[in-house]
Amino acid sequence: MNPKKLSIEKIQEALRSRQYICDRSLATVVYLSINLGKPVLLEGEAGVGKTEIAKVLAEVMQTGLIRLQCYEGLDASTALYEWNYPKQMLRIKLEEVGKGDRRTVETEIFTEEYLVKRPLLEAIQSNGTTPPVLLIDEIDRADMEFEAFLLEVLSDFQITIPEIGTIRAKQRPYVFLTSNRTREIHDALKRRCLYHWIEYPTFEKEYEIVMTKHPQIQTHLAKQICAFMQQVRQMNFYKRPGVAETLDWASALITLHREELDEKSMEDTMGCVFKYREDLHHLKSEVAGKKLNLEGIFKDPMEFQT
Amino acid sequence: MTTQPSDQEIISTVKRFSSVRGQGILANLLAFSRVLKDLGLRVGLSQVIDASRSLEFVDITLRGDFYSVLLSNLICEKEEVALFDRVFDCFWKDITLDEEPMETIELSVPGSEESQEESDGPGGSLEEVVAQATSQEEDRTQDRDPFFLPTYSPRESLNSKDFSEMGIEESRAIGRAILLIASKIATQMSRRKKRALKGDEIDPRWTMRKNIKYGGDIIELVTRKRRIKKTRIVLLCDVSGSMDCYSRFLIQFMYGLQNELWGVETFVFSTSLTRITHLIRTKDIGNALERISSSVQGWSGGTNIGHSLHTFNREFAPSLVTHRTVIVLISDGWDRGDVALMEQEMRNLKRRCYKIIWLNPLLASENYQPLCKGMQAALPYLDFFLSVHNVHSLVALGRTMQKLVA
Numbered sequence: 001m002n003p004k005k006l007s008i009e010k011i012q013e014a015l016r017s018r019q020y021i022c023d024r025s026l027a028t029v030v031y032l033s034i035n036l037g038k039p040v041l042l043e044g045e046a047g048v049g050k051t052e053i054a055k056v057l058a059e060v061m062q063t064g065l066i067r068l069q070c071y072e073g074l075d076a077s078t079a080l081y082e083w084n085y086p087k088q089m090l091r092i093k094l095e096e097v098g099k100g101d102r103r104t105v106e107t108e109i110f111t112e113e114y115l116v117k118r119p120l121l122e123a124i125q126s127n128g129t130t131p132p133v134l135l136i137d138e139i140d141r142a143d144m145e146f147e148a149f150l151l152e153v154l155s156d157f158q159i160t161i162p163e164i165g166t167i168r169a170k171q172r173p174y175v176f177l178t179s180n181r182t183r184e185i186h187d188a189l190k191r192r193c194l195y196h197w198i199e200y201p202t203f204e205k206e207y208e209i210v211m212t213k214h215p216q217i218q219t220h221l222a223k224q225i226c227a228f229m230q231q232v233r234q235m236n237f238y239k240r241p242g243v244a245e246t247l248d249w250a251s252a253l254i255t256l257h258r259e260e261l262d263e264k265s266m267e268d269t270m271g272c273v274f275k276y277r278e279d280l281h282h283l284k285s286e287v288a289g290k291k292l293n294l295e296g297i298f299k300d301p302m303e304f305q306t
Numbered sequence: 001m002t003t004q005p006s007d008q009e010i011i012s013t014v015k016r017f018s019s020v021r022g023q024g025i026l027a028n029l030l031a032f033s034r035v036l037k038d039l040g041l042r043v044g045l046s047q048v049i050d051a052s053r054s055l056e057f058v059d060i061t062l063r064g065d066f067y068s069v070l071l072s073n074l075i076c077e078k079e080e081v082a083l084f085d086r087v088f089d090c091f092w093k094d095i096t097l098d099e100e101p102m103e104t105i106e107l108s109v110p111g112s113e114e115s116q117e118e119s120d121g122p123g124g125s126l127e128e129v130v131a132q133a134t135s136q137e138e139d140r141t142q143d144r145d146p147f148f149l150p151t152y153s154p155r156e157s158l159n160s161k162d163f164s165e166m167g168i169e170e171s172r173a174i175g176r177a178i179l180l181i182a183s184k185i186a187t188q189m190s191r192r193k194k195r196a197l198k199g200d201e202i203d204p205r206w207t208m209r210k211n212i213k214y215g216g217d218i219i220e221l222v223t224r225k226r227r228i229k230k231t232r233i234v235l236l237c238d239v240s241g242s243m244d245c246y247s248r249f250l251i252q253f254m255y256g257l258q259n260e261l262w263g264v265e266t267f268v269f270s271t272s273l274t275r276i277t278h279l280i281r282t283k284d285i286g287n288a289l290e291r292i293s294s295s296v297q298g299w300s301g302g303t304n305i306g307h308s309l310h311t312f313n314r315e316f317a318p319s320l321v322t323h324r325t326v327i328v329l330i331s332d333g334w335d336r337g338d339v340a341l342m343e344q345e346m347r348n349l350k351r352r353c354y355k356i357i358w359l360n361p362l363l364a365s366e367n368y369q370p371l372c373k374g375m376q377a378a379l380p381y382l383d384f385f386l387s388v389h390n391v392h393s394l395v396a397l398g399r400t401m402q403k404l405v406a
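Protein chains in written order, with the working numbering: chain A, 1 to 306; chain B, 1 to 406.
Isolated chain B, as found in the complex (with noise of 0.2 Å):
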């Protein structure tokens, strides 16, 4: 679902359609369900269909079953019914279904006049869309207020050495970290059964043919054993000036993590997306330090979270992001993009990946909370939210892996 479309879209998207008005009732329901599509709500075409047939079983004068027919039919998601309402009630309102047989409903043609006055008659819409507009606005200028900004330090209150000030006996460490994690990751048992030679149940379906050979007589038991579930990663990682500290240590995970798994795909973001997975697939890491370095725009720029995720999910995850997918960002939340598109942005991911994980490195200073309006507006839709800033919460993470198994 897309963010909710302020009532003048609504107007405007339904006046386009106002030339079938008057041509009877299927016509009229097509340019509704186009309505409802070009507001960003997904419906199909045998929805429709199944919409008009429906139609013939009720008394479509009764305004409720009327919409009921058409919202249980069209619709089918709770997130959707209140932007379908207010389609609803703006699209059919000039209509009055009374007595007469179907095909020959008058339906009000609404003038230009009209619908002038209705974008800022009644109903408040126009004033809804200033307050809405001005709320916006105030948003924007919390997010500049300075009084916002992290005060941070990364050597705050850490008890042990941060990532930030790492030497290469850590990197050895997280070296060992990350293979752990990836093991259990790898690892994941399906409840699904494939055929075995050593499995721990008899196939009794697969035993039988393959005895009939021997007429019949149990000779050799064919076996099945749980699947591994392969799971793909997709990292996203916030390489913005304020994630600079961590930057090496993000190199290391990110190059860590996709050598030891299989599937593993890399991007790093800060106010575009780019996608790194082919130049760190290389055992040598120092070349692929230079090559990502020389390829990736905007390192340690500004953040734009909402604007980089928009362009994962519409270029990247249909092909990449599947219900056994985990999602992995990096990122300190620290957002100077568009929230409400953040938002939209993690409830499309949510949808579709099998678990997302945020790893904070800010999360280990006691005095932090997640209060920037980035951070805030994505944790509904985290399944976990760790911090990564030493390799102890490294190690958390594995055991946090570990569940997933379960």
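So that you can see chain A by itself, here it is in the shape it has in the complex (with noise of 0.2 Å):
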């Protein structure tokens, strides 16, 4: 797709197709960053889609994604390059068999040649037709160290490696960060990027990707998950379902033949939506106490649609 013919509806259009659901203001934010060059940085509960837009942002704009999992302690040399030991040395061992000149080989190992590119370096680096789409996942997990540094690349786009030079971004790439608000990020990160919190999805929107995802699973089953999850996640549970629980469930569903959502299987496949022991005991006593009225979500799914 080409970057300069975009609209917020195209981008709306295009994400759908490629079976992700979106409200017009992420569309807007995508949009928005696409035309500023300005990082999207999004946060909201896990599993409502962070990480995928940026994976299916790079399908849509047919070019290559390049993710960087954050976690503490990563530092430059993971994130951004490091140099090629073994092939230096293998160069310098092989240039003394051959009484090669040591200028040379003092500059020659210094070379792109010699490079191992990490992600940060590759996405500046990159030179196919349209930009890449940098994913920075999980932001909270880096440590403060590396989000200082990561401030750096973002605002200018360029890195410098000093046997080499400044190596400038020929385009900037799509930046996607994404943060599950384990910790605070430094209000500077925040302010160059722009703003978007991911809520979980209402009923309709759910109902929605439910059928786009599974679009054999039968209207009732898909209404009567949506309307559990949209009950669950009200309640007070240590960790509420994302949307990745819900296709989960939905295809757990899908894959036992079930055309129909009753206790007994809702039991069976309740692992697939809550991970924590804690979470099915918790289910079980608020069945037991009629706080989920599990009967009319399976009888009557629209009447709990909020």
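You may find that some hints are simply not true.
Only pairs whose alpha carbons sit at most 20 Å apart, straight line, appear in this in silico PhoX-like list of lysine-lysine [what the hints assert, rightly or not]: (1) K99/A with K213/B; (2) K350/B with K78/B; (3) K93/A with K210/B; (4) K198/B with K225/B.
Hints in this document: simulated from the structure, not taken from any laboratory.
These figures come from a predicted structure and were not determined experimentally.
Got two chains here, separate frames each, mind docking them using the hints?
See the structure below:
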């Protein structure tokens, strides 16, 4: 897709055709980010599709996805570049045998040929027709040092390698940062980004997502699943299930050839929705205490939309 | 973020900028960002510039898109969205973005009469304000309600001896427990590496560099090992009347921790906050006691945690608190101040620091539940809520510190 001929509607439509259902505000943010060359910071509960949108956008734009998964202790040599030491050593040894010129060797082993490119450098150096999508996933897991370093890269889109010089981005990659908010991101980094909070989807949106991803599902079952999810998310669970869980559950029920949801099949497949023992217990007690009206949800899911 | 301003505050702030109306979209955008700033949101100039650039790319006659553009550019915190929405509705409500080009958009100027109406007109803003005020009043009366006061006696259902009746032996034991805690904190390992003579892994970059002098043959190895993370601790101790029976222990605790560890800052508070780091930086605890009691105002007085935290956040936190700082708050949570303020300050503090540990001597009592409003407001922002009433509880604190390291 040509980035110059985009519009908000086109983005929304293109994402939808790749099975990513998003509301207009998210499409607007993506559109702005492409036009302004500004990174997007996506926050939201786990499993609402923060990572997914970067992947889908890469498909839509027919360009590469470069992913940097953050973790504590992530440093420049893993995120940016590293010299290929074994290769350098081999070259030196070879030159020794062939009595090569010392100066040429010295300059040559510090060229791009001997450079191991890590995600950030790769994203900046890419020279395809369309800039790549750079996904910096779970930035809250990296530490402050890395954040500060990222700030530098994302504001100028250039990287300085002492032995080679400064490498400037020929075209700015489309940058997406995601955060699960396990800690606060520094203001300075936030300010350089467009911010978007992805909410849990509404009943209608979730239903549409399920129907798009699993077109073979019975409509009644899909409604039951979504109604159940909507109810459960309003309750006090340690880890509230996201859209990812909804889709897992739907595909589990399809695999089991269930056409409708009943208490038995729900109990059998609850492992798709809740991943903590405490939550499973909590669910049981809520069902027993009639706080979660299962019968109602199974019988008439449309009544339980919110 | 600050406490939510009332509708009236929003309206009056918006009204202050009413002169820009009719001066084009850029002036209005600037005014809008100023309103947000005045109401306590953090909006940078670069964000405003980007917002105005963004407007070129969308059709601003579509209110939804216009809203998305401003929101994504100016706000970077989910909690700020609600306030943004209210200001947005108030600020842009008179403006009908029709088909005219941007520069010539006519923005209706609200006359003084009209805006007078606004403040007590539809939307029930005045009623809301009144309702809010009365509910606050109710809160206060509830605070004063003797029913809410602690029916607490320090000896109540405590199995082991309380700090309130501590002797020499116990203070030795405390000293040992504190040493344990201190060493746990002081040796926290970072995941980052530094070059070291005897490290656990080879640092290829520096090995290469170091061996250039041998013509590229590897003769010397440079290794690296994990760095020790220097964790700073800030102690905030409640020395109000309700904490009296613990004050001896508190001093011992503060003194012990500060003298065993690098980078401990100590504050005491009752109705106001006092920094006592310099007073207890000494090996002589007897003198330290005298110096503290002579320089701390309001010892054994009332409690205003919110106000004290506010002072701390404003004056000390910017320089003392980083993402490596562990805040240790020692208080029973009986607060006579503004609960909303306290909640807001706890939130601000949480945002700055690494962990907040609240030590509450009352927690050991079986009948105790953190019901008082102050404690309730603080709970969501705590990483650990522990009891300190005897030596065992201190050992438990040591274990928690170990968890922090892992």
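Structure-based check of all given hints:
Taken as a hint, the K99/A and K213/B pair is honoured in the structure, with Cα atoms around 18 Å apart against an allowance of 20 Å. The straight-line distance between the Cα atoms of K350/B and K78/B is roughly 16 Å, inside the 20 Å bound, and the hint therefore holds. With a C-alpha separation of about 17 Å, the suggested pair K93/A and K210/B falls inside the 20 Å cut-off, and the hint holds. Between K198/B and K225/B, the direct Cα distance comes to roughly 8 Å. Compliance with the 20 Å bound is thereby established for this hinted pair.
Hint violations for this structure: none, all hints satisfied.
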